[in-house]
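Q: Given the sequences, and given the hints that come with them, work out the whole structure.
Protein chains: 2
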Amino acid sequence: MIQAGYRGGTVIALCGGIGGAKLALGLARVVPAEKLTVIVNTGDDFRHFGLAVCPDIDTVVYTLAGRANPQTGWGRAGESWRFMEAVGELGGETWFALGDTDLATCAVRTARLADGARLTTVTADIARALGVGCAVLPASDDAVRTVVETADGDLAFQTYFVGCRCAPAIRGLRFDGAATARVSPEVAAAFAAPDLEAIVLCPSNPYLSIDPILAIPGLRALIAARRAPLVAVSPIVGGTALKGPLAKLMAELGLAVTPATVLAHYGDLVDVFVLDTADADQAGDAPRLRVAPSVMVTLDDRIALARSVLAFARGGRP
Amino acid sequence: MIQAGYRGGTVIALCGGIGGAKLALGLARVVPAEKLTVIVNTGDDFRHFGLAVCPDIDTVVYTLAGRANPQTGWGRAGESWRFMEAVGELGGETWFALGDTDLATCAVRTARLADGARLTTVTADIARALGVGCAVLPASDDAVRTVVETADGDLAFQTYFVGCRCAPAIRGLRFDGAATARVSPEVAAAFAAPDLEAIVLCPSNPYLSIDPILAIPGLRALIAARRAPLVAVSPIVGGTALKGPLAKLMAELGLAVTPATVLAHYGDLVDVFVLDTADADQAGDAPRLRVAPSVMVTLDDRIALARSVLAFARGGRP
Numbered sequence: 001m002i003q004a005g006y007r008g009g010t011v012i013a014l015c016g017g018i019g020g021a022k023l024a025l026g027l028a029r030v031v032p033a034e035k036l037t038v039i040v041n042t043g044d045d046f047r048h049f050g051l052a053v054c055p056d057i058d059t060v061v062y063t064l065a066g067r068a069n070p071q072t073g074w075g076r077a078g079e080s081w082r083f084m085e086a087v088g089e090l091g092g093e094t095w096f097a098l099g100d101t102d103l104a105t106c107a108v109r110t111a112r113l114a115d116g117a118r119l120t121t122v123t124a125d126i127a128r129a130l131g132v133g134c135a136v137l138p139a140s141d142d143a144v145r146t147v148v149e150t151a152d153g154d155l156a157f158q159t160y161f162v163g164c165r166c167a168p169a170i171r172g173l174r175f176d177g178a179a180t181a182r183v184s185p186e187v188a189a190a191f192a193a194p195d196l197e198a199i200v201l202c203p204s205n206p207y208l209s210i211d212p213i214l215a216i217p218g219l220r221a222l223i224a225a226r227r228a229p230l231v232a233v234s235p236i237v238g239g240t241a242l243k244g245p246l247a248k249l250m251a252e253l254g255l256a257v258t259p260a261t262v263l264a265h266y267g268d269l270v271d272v273f274v275l276d277t278a279d280a281d282q283a284g285d286a287p288r289l290r291v292a293p294s295v296m297v298t299l300d301d302r303i304a305l306a307r308s309v310l311a312f313a314r315g316g317r318p
Numbered sequence: 001m002i003q004a005g006y007r008g009g010t011v012i013a014l015c016g017g018i019g020g021a022k023l024a025l026g027l028a029r030v031v032p033a034e035k036l037t038v039i040v041n042t043g044d045d046f047r048h049f050g051l052a053v054c055p056d057i058d059t060v061v062y063t064l065a066g067r068a069n070p071q072t073g074w075g076r077a078g079e080s081w082r083f084m085e086a087v088g089e090l091g092g093e094t095w096f097a098l099g100d101t102d103l104a105t106c107a108v109r110t111a112r113l114a115d116g117a118r119l120t121t122v123t124a125d126i127a128r129a130l131g132v133g134c135a136v137l138p139a140s141d142d143a144v145r146t147v148v149e150t151a152d153g154d155l156a157f158q159t160y161f162v163g164c165r166c167a168p169a170i171r172g173l174r175f176d177g178a179a180t181a182r183v184s185p186e187v188a189a190a191f192a193a194p195d196l197e198a199i200v201l202c203p204s205n206p207y208l209s210i211d212p213i214l215a216i217p218g219l220r221a222l223i224a225a226r227r228a229p230l231v232a233v234s235p236i237v238g239g240t241a242l243k244g245p246l247a248k249l250m251a252e253l254g255l256a257v258t259p260a261t262v263l264a265h266y267g268d269l270v271d272v273f274v275l276d277t278a279d280a281d282q283a284g285d286a287p288r289l290r291v292a293p294s295v296m297v298t299l300d301d302r303i304a305l306a307r308s309v310l311a312f313a314r315g316g317r318p
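Heads up: the protein sequence lines correspond to chains A and B, in order.
Heads up: the first sequence at position 221 corresponds to 221 in UniProt numbering, and the numbers run straight through without jumps.
Heads up: the second sequence at position 111 corresponds to 111 in UniProt numbering, and the numbers run straight through without jumps.
Any given hint could be a false lead.
Unchecked claim - Just the calculated beta-carbon pair ranges, DEER-fashion:
#1 Ala167/A - Arg220/B: 53 to 59 Å
#2 Thr94/A - Ala188/B: 32 to 38 Å
#3 Ala4/B - Gly91/A: 26 to 32 Å
#4 Ala264/B - Ala114/A: 38 to 44 Å
#5 Ala114/B - Gly66/A: 31 to 37 Å
#6 Gly78/A - Arg288/B: 55 to 61 Å
#7 Ala114/A - Ala4/B: 49 to 55 Å
#8 Pro185/A - Ala97/B: 33 to 39 Å
#9 Ala114/A - Arg182/B: 23 to 29 Å
#10 Ala189/A - Ala188/B: 56 to 62 Å
#11 Ala188/B - Pro217/A: 54 to 60 Å
#12 Thr94/A - Leu113/B: 14 to 20 Å
#13 Gly91/A - Thr277/B: 41 to 47 Å
None of these hints come from the bench; they were simulated from the model.
These figures come from a predicted structure and were not determined experimentally.
Even for Gly, the Cβ is constructed at its ideal location relative to N, Cα and C.
A: Spelled out as structure tokens, the structure:
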């Protein structure tokens, strides 16, 4: 096992979907399952065909289970699309792709939630059934829904992200429900671990993936009371985002598309900020900055970045 | 076209699922699409995984569309089961089989209903998309839910029928919501057709498939005011039911498993009652009884029975 000989403490990672899940997988190959907790954005969640769809949670679970579609990063490997084809024949909505087996995850979750189970419990059971060892926790059991404020009006996140392919210019973001959402006992327990060694902000979209988590008041308080370094990995590399609408969004909000903007956005939350080697010249001598290869193409890249992040948390170099 | 030369009036058929759908198909091959209305039981409908499942409506639509699974009579031809397999892997409920493409019907319906569409409208759109020409109408847009009262307590219909495989002894039946359910404008319009020529009670289960329709107060009134003969086809042939729990149910209710029991159950509603040739000796000289082959194995059987039923309605012989 890769984790053999691990002598560190417990690790918490906060992430969104595809990009963040890559580092989560790297961490899962370095940190023993019982010492790793991945807290996942729920702001992208929505109901589709009446089913509870949790894109980021499922991407993280599938990725950690080794079941993610390697081509897309989302959805399941070996997926089939009979359902979507049949929906199309009936004139139903086909803008959001739900594969036949991905749909099963949503259906099982929907049924469990309708029976009164918490999203945390359902997620744990699904993750376990697919063979995931570490804890995957929704940021909250209470609904948090990202709303994208655009020139075309307010759009539910998936309408903006998938339906409109991020085309409308963003004027602002809000997270409906976040102000009253509660931290779950499981999330609180993770932060209370006596051997907590690092809190990792994965290179997910700070505004769309990490902010909906941080917007939960109790969660910010837990981080504020932390007893372990918080290490954030820049999602901006070489002046752009590797994936998704981050660079476009930052530009539309009038922000410079640089790691420094992201660091400023996170502010005092961050103890260590990891830049990609491509941006090493931006590191200067700022005490919080570190440099490591952060473009994760292979599994080895994911593991290497995970090792770097943990080394930085321990005050060392990778 | 088989319907070429049709000189008759409009026809209404009331039916449940598989057995009734066979005669509905026969009628659809004899009666032009614009002159046939099939009114379908909704008492079996339920929510599963949060999706609106309408087993009888879908069986009728698939059958009329030539898309039904010929082996089972329910579900779609060429179905795949990736969804169900994945649900099983996740420990979800697999007692009710929903194929990947069948699921699409449920999902599209669920989404449309959530948007405020009536079940009648949604059903018409789905039927049209699959190429069904005649009108397929839910008995009501209001929820009617068959509850099976058993020694093990009250069971939702699908729990009894599929989940328990009809094993619990039936003590009674009730149709929750029926008393306040309203007849839709489309159902009322079908009965108001000036050239209405026949009302057909298909050989569906009288207690489980036809009664939930008849339990809608307005519908009984429409039939009572009918200007066309009502022809019922006995679902009991040779002392038993060809399909489903009818014979067992009748025995459990202390009823003789005979066509006479069914006719007595329908009572004055029926003008003509069709016995299978196997039961010709039971016809006696009762003025309402007619005899015709009613075991529908082939498409030709379905068409022949449809022709017989229409001939009886016209006061003749097939």
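Q: What are the numbers of the hints that this structure violates, sorted from low to high?
A: Failing hints: none at all.
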